[in-house]
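Novice: Construct all of the structure, not just a fragment, from the sequences and the given hints.
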Amino acid sequence: MAVTYSRNFLLRKLHQLTGIVPLGLFFFAHMFTNAKAMNGEKVFEKAVQEIHDLPFLLFIEIFGIFLPLAFHSIYGIIISSEARPNVMSYNYGRNWFYLFQRITGVFLFFFIIFHLLHYRFGLVPGLTDIAVAGNAVGSFQIVANDLAIPWVLAIYILGVAATAWHLAYGFWLFAVDWGILIGTNAQRYALYGCAALAFGLFAVGTNAAFSFLRPCGLLPAALCEQPVKASSSAPKSV
Amino acid sequence: MSTNGHIEKKRLETPPAKFKLKIQRREKEGAPVTWDTFELPYRRNLNVISALMEVRKNPVTADGRATTPPVWDMSCLEQVCGICTMVIDGRVRQSCSALIDDLLIASGSDTVTLQPMSKFPNVRDLKVDRTKMFDHLKQVHAWVELDGSHSLGPGPAISNEVAQERYALSRCMTCGCCLEACPQYGDDNYIGPQAIAQARLFNMHPVGKTDMDERLNGLMGEDGITNCGNAQNCVQVCPMSVPLTKAIYETNRDITVNALFGWLKK
Ligand code: HEM
Ligand code: SF4
Ligand code: SF4
Ligand code: FES
Numbered sequence: 025m026a027v028t029y030s031r032n033f034l035l036r037k038l039h040q041l042t043g044i045v046p047l048g049l050f051f052f053a054h055m056f057t058n059a060k061a062m063n064g065e066k067v068f069e070k071a072v073q074e075i076h077d078l079p080f081l082l083f084i085e086i087f088g089i090f091l092p093l094a095f096h097s098i099y100g101i102i103i104s105s106e107a108r109p110n111v112m113s114y115n116y117g118r119n120w121f122y123l124f125q126r127i128t129g130v131f132l133f134f135f136i137i138f139h140l141l142h143y144r145f146g147l148v149p150g151l152t153d154i155a156v157a158g159n160a161v162g163s164f165q166i167v168a169n170d171l172a173i174p175w176v177l178a179i180y181i182l183g184v185a186a187t188a189w190h191l192a193y194g195f196w197l198f199a200v201d202w203g204i205l206i207g208t209n210a211q212r213y214a215l216y217g218c219a220a221l222a223f224g225l226f227a228v229g230t231n232a233a234f235s236f237l238r239p240c241g242l243l244p245a246a247l248c249e250q251p252v253k254a255s256s257s258a259p260k261s262v
Numbered sequence: 194m195s196t197n198g199h200i201e202k203k204r205l206e207t208p209p210a211k212f213k214l215k216i217q218r219r220e221k222e223g224a225p226v227t228w229d230t231f232e233l234p235y236r237r238n239l240n241v242i243s244a245l246m247e248v249r250k251n252p253v254t255a256d257g258r259a260t261t262p263p264v265w266d267m268s269c270l271e272q273v274c275g276i277c278t279m280v281i282d283g284r285v286r287q288s289c290s291a292l293i294d295d296l297l298i299a300s301g302s303d304t305v306t307l308q309p310m311s312k313f314p315n316v317r318d319l320k321v322d323r324t325k326m327f328d329h330l331k332q333v334h335a336w337v338e339l340d341g342s343h344s345l346g347p348g349p350a351i352s353n354e355v356a357q358e359r360y361a362l363s364r365c366m367t368c369g370c371c372l373e374a375c376p377q378y379g380d381d382n383y384i385g386p387q388a389i390a391q392a393r394l395f396n397m398h399p400v401g402k403t404d405m406d407e408r409l410n411g412l413m414g415e416d417g418i419t420n421c422g423n424a425q426n427c428v429q430v431c432p433m434s435v436p437l438t439k440a441i442y443e444t445n446r447d448i449t450v451n452a453l454f455g456w457l458k459k
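These protein sequence lines map, in sequence, to chains E and Z. Here the first sequence stands for residues 25 to 262, numbered as in our numbering. Here the second sequence stands for residues 194 to 459, numbered as in our numbering.
Just so you know, the hints here were simulated from the structure itself, not pulled from any lab data. Please note that a few of the clues may not be correct.
To be verified - If you want a taste of the chain E side facing chain Z, the calculated C-beta under 8 Å gives, among others:
{"id": "1", "residue": "E106"}
{"id": "2", "residue": "A107"}
{"id": "3", "residue": "R108"}
{"id": "4", "residue": "V200"}
{"id": "5", "residue": "G203"}
Claimed, not checked - Taking lysine-lysine and the PhoX-like style, the derived pairs with C-alpha atoms no more than 25 Å apart in a straight line are:
{"id": "6", "chain 1": "Z", "residue 1": "K402", "chain 2": "Z", "residue 2": "K458"}
{"id": "7", "chain 1": "E", "residue 1": "K37", "chain 2": "Z", "residue 2": "K213"}
{"id": "8", "chain 1": "Z", "residue 1": "K213", "chain 2": "Z", "residue 2": "K203"}
{"id": "9", "chain 1": "Z", "residue 1": "K458", "chain 2": "E", "residue 2": "K37"}
{"id": "10", "chain 1": "E", "residue 1": "K37", "chain 2": "Z", "residue 2": "K459"}
{"id": "11", "chain 1": "Z", "residue 1": "K221", "chain 2": "Z", "residue 2": "K320"}
{"id": "12", "chain 1": "Z", "residue 1": "K215", "chain 2": "Z", "residue 2": "K203"}
{"id": "13", "chain 1": "Z", "residue 1": "K250", "chain 2": "Z", "residue 2": "K211"}
{"id": "14", "chain 1": "Z", "residue 1": "K221", "chain 2": "Z", "residue 2": "K250"}
For every residue, glycine included, the Cβ atom is placed at its ideal position computed from N, Cα and C.
Specialist: Structural data, given as structure tokens:
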């Protein structure tokens, strides 16, 4: 007898998969690019330019990011709406994580819309009206100007924290849902690993945000490339 | 591991003279919910069922109103049949093994609150209809097919490890605690951990294995195993310490292997 897959089964599996590839991968790449701001304006703008120079960029944006994100987030909201949270009666760690995955998901839904309107399209009233996309030169200043506003900075730090946890715990969920992580001990150790990963991503992302306000962000400036050196070592023809 | 009711019982040092039983009432399915509070003299070693029996003898509420005796289910009175399951002070468990002392100590109050499980049709008062759980067992083909009633000779040998795990899974008494505590279960949208564990029990059987596809099919529908959200409440509340989550994740592995490579066999 052959096994048949219901629509719900396939959609759920697709939802779990899109969370890792491409969204998870994209988030790693995104934090890595942002962290280049630690080394100053030139390095960051070069990184933005390199993204703009990617072949098939629009294709990658639509099929690699936008569509998977739209699917994962909308289906994620549907999944969240089916939850019956009961952490008050059943006060267990994993039950809280279950709830937290849904809270961070719903928060991310709004955060990502704000973030896209803000820096991708430059459409948030009162903030920059120049989009970072398409403006590699000057992109550092566009980002820096708005991150200098405390509430904007706070929203981005919260956004990074929520994404870091949602993704790191998402790796754990994925491994469990696909039958990779089975035993009680294996699950516990993997959870420690995921917590460490969440903290790491949060630290890198937050430091990157602060790098737009002061060189090297929250780290001692000596750890980063000095701006003077950066300009002298930059290739002549860009 | 799990918090089953057998762990060390505490005793009230200075028990109160009286305590209250607050019971959720419903005359029949679909009727509105009401609440009655009864006051009972405290006695050593009372459990929820013996307290309910006291109420039944004289169903007069604390404010002096005569009412119908509350209805509930019970049978074994030693936490092996599962029928007496209800929500006690907000937590699902068997009422026969819920001692009044423990409950008063845990809540620090003089009242014990009783409600029927919320995830099953409420027949009356504390009684629910758990037919769904048996339907789910049919859905996942939770049995081993036999060729006939004649002797088939000795069965295949099972490793000790498999036997132990199967024994743990076989302890399920279909009480419903796991479904009540599961944040994903409700409105018939998810088959739930109990049936998944029983599917696993028979998928681990050397003869039962031959019907594995049929069981996986039962778990792959719209209400299937992917609806699990990994909150793991089920394994925390199961009074029989059935390794529910392990069963779910091992079944996930069977399904993943089947989904990724099954079609390559065609
Ligand atoms: C934008 C709004 C988003 C919403 C509403 C959302 C919602 C959810 C929900 C509800 C789950 C749990 C699914 C379940 O337990 O069955 C989940 C899982 C997951 N999410 Fe998201 N999410 C969003 C964005 C993201 C982003 C940006 C990423 C990547 C950085 C991501 C990565 C993941 C991963 C890896 C999982 C684990 C998949 C699994 O359950 O196996 N999500 N998401
Ligand atoms: S698995 Fe445990 S909690 Fe669930 S029905 Fe069986 S005995 Fe009850
Ligand atoms: S692990 Fe799955 S089945 Fe168990 S309580 Fe959580 S969601 Fe329900
Ligand atoms: S009466 Fe059988 S478990 Fe309580």
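Novice: Next, verify each hint and record whether it holds.
Specialist: Now the hints, each set against the structure:
no., hint, verdict
1, E106, "holds, 7 Å"
2, A107, "holds, 6 Å"
3, R108, "holds, 5 Å"
4, V200, "holds, 5 Å"
5, G203, "holds, 3 Å"
6, Z/K402 - Z/K458, "holds, 18 Å"
7, E/K37 - Z/K213, "violated, 49 Å"
8, Z/K213 - Z/K203, "holds, 19 Å"
9, Z/K458 - E/K37, "holds, 21 Å"
10, E/K37 - Z/K459, "holds, 22 Å"
11, Z/K221 - Z/K320, "holds, 10 Å"
12, Z/K215 - Z/K203, "holds, 22 Å"
13, Z/K250 - Z/K211, "holds, 17 Å"
14, Z/K221 - Z/K250, "holds, 21 Å"
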